[in-house]
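Protein sequences, first through last, are from chains Z and Y. According to the working numbering, the first sequence is numbered sequentially starting from 166. According to the working numbering, the second sequence is numbered sequentially starting from 3.
Among the hints, a few may not be true.
[Said to hold, decoys possible] Simulated restraints on C-beta separations: (1) Z:R304 - Y:L50: 20 to 28 angstroms; (2) Y:R81 - Z:F187: 36 to 44 angstroms; (3) Y:D16 - Z:L174: 26 to 34 angstroms; (4) Z:W198 - Y:D16: 21 to 29 angstroms.
Hint data in this document are derived by calculation from the structure and do not stem from the laboratory. Virtual Cβ for every residue (Gly too), placed ideally from N, Cα, C.
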Amino acid sequence: MSIIIASALLYGAVLALGWLAFRRGGDAVPEAWRIAWEQGLSVAPRIMLAVIGAGFIAALVPPEWVATFVGRDTGFMGLLLASLIGALTPGGPMLAFAVGGAAMEVGAGTPQMMAFVSAWSLYNLNRVLVWEVPIMGHRSTLQRFVIALPLPVLIGLAVGQIAIL
Amino acid sequence: MPNPASDRPRPKVDAGLVIVFVVAVAAGALCYLLKGPGVFWSVLGDDLWLLLAIAPKVLAGVLLAGLLTVLLPREQVARWMGSRSGFKGLALASLAGALLPGGPMMTFPLAVALGAAGADIGTATAFIAGWGLLNVSRTLVWEFSFFDGDFVLLRYGLSLLLPILLGWLARLLFARVKTLAEGQGGAE
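Chain Y with its partners taken away, still in its complex shape (with noise of 0.2 angstroms):
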């Protein structure tokens, strides 16, 4: 199966899990040292009734991925949007980029995809724009657990047209349909 994620299946254990690993004891081990035993349980404490809050987001969040993973057949998006290009096509990639799920590890190898069916520098940038600002599982995930509702969606609302706005400059500013490809060769 062709699918470009499974190209590089995710490491159980990479250097963003390390480094948040890292992170954590560090600062925990400065906030037990600086600010005391008292404050360092009290903020343990805190963290897990927030851990407890996420949860069942979490779960909601892993399924939906799974779920759209099955249903959106990637390859398909990708000759959809490669077909075709102007403005359809830069609405097209961005909408793609909010829903599809899956970290990095998953869009940029999608977006040589789009790139090998015949998008350009703009559909492209669209669509990782659209997975940055506006991916719709992370937004209601993360998101809304950490931040509240109003700033998330004028945060949002805010951002809706900008994928667009940026794979248009991109095309405007850097037209040529083959530099995508150039980038393969990097991926295996």
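Just chain Z, with the same shape it has in the complex (with noise of 0.2 angstroms):
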């Protein structure tokens, strides 16, 4: 049902996007064209190799290992480990998103995997040391990082208190 949503969505913005682009004339469409290329030329094999590497570590990774480290009954130890495996799981959204839905399959908590999500997209290491480091400087990275420290285990417990209802 998600899927149909989002896919609704997508579309619509596409479409209407697509249009205001018309719109414009000039080159814009054409670019668009060039731009979107581009970019699925770059992920598409990456989607592929993720989303079949995640399914191998799911199938490999014992469901009780999941469920002991990062169920719904670890707690806040759980949301420490879930925001750390977030910030070290290397290799895009599409690897991240993949094995955190792979592990909720498998019993892992909600709380912990929003809390390993949004230590993903706060401040993955493998993101900030190629990306944020070189091109910010390592002062204003570390104090978006200091800030951002806390916030995936307060949505985690957030979450969890949500959850109880």
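These two chains come separately, so use the hints to put the complex back together.
Right under this line is the structure:
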């Protein structure tokens, strides 16, 4: 169901923006095509490898491990661990979300996966080291990192409260 | 064209791709050896179906990225946020982070451009956090593909104001306007 809603939103947005680009004229539409094509070429192999890799990882990791370490009942430690894993998971959104989704199917808790996704989003180390430090400088990076640090656990705690209802 | 993204064209093969490749091959090999060919092929089959289900959304995602890149002039976005500060600047920055497509290779140079246009650490933090937590195309394409709708909406809803909050905190703690300019030399 969610996949249908998301697709409808996506293609609605594509149509609306496509119309705007068309109205703008000039090389707006060809330029958009070119960017989309380049991104597609770069993204396609990543998606395939990430989905396949995450599938194999899910088959390899015993489900009871997932429940033991990041299951619903692991509480604060589970949130910490999930945030740490989120910070360490390399390989872009495909791999991170695929791993998180697969973990939920075999017993990971909702708050824990929420913390995982948030940590990955806020300060994935791979991204921080490869992109943020060289471009933003170590000082800005560190300042941003310090401020964002507790957030994934806090989000997980909030979700835990909500999910109790 | 002084588009900050064009300074760093995305390489065809980079560390990220190598990592996913190594992870996929290693996990596949381990799965074959430890769980046997039966499990290996069944997992591979499931994954291929999943890929088929995701493909239309990925297509929409890259089209959206292309269109947004063309329609939202990045330099202008940077100017808007650089010229004003306060709460409005933070809100604009997180909104821009949520809407602008593209990976880290586009986002961080743009954050530097924000700094050059007069934005402070708070604005940059709100922008990067908005991109990380709320990026619309990433959520629509990836998150909805692997998590169910309730999960995504709950996470997104809870995160909605966080970029503004983080930006405000950054401003409060590290209010030095020029800090961002330091990193700029490293971009070249």
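So, against the hints stated earlier in the document, which numbers end up violated here?
Hints 1 and 2 are the ones this structure does not satisfy, whereas the remaining hints hold.
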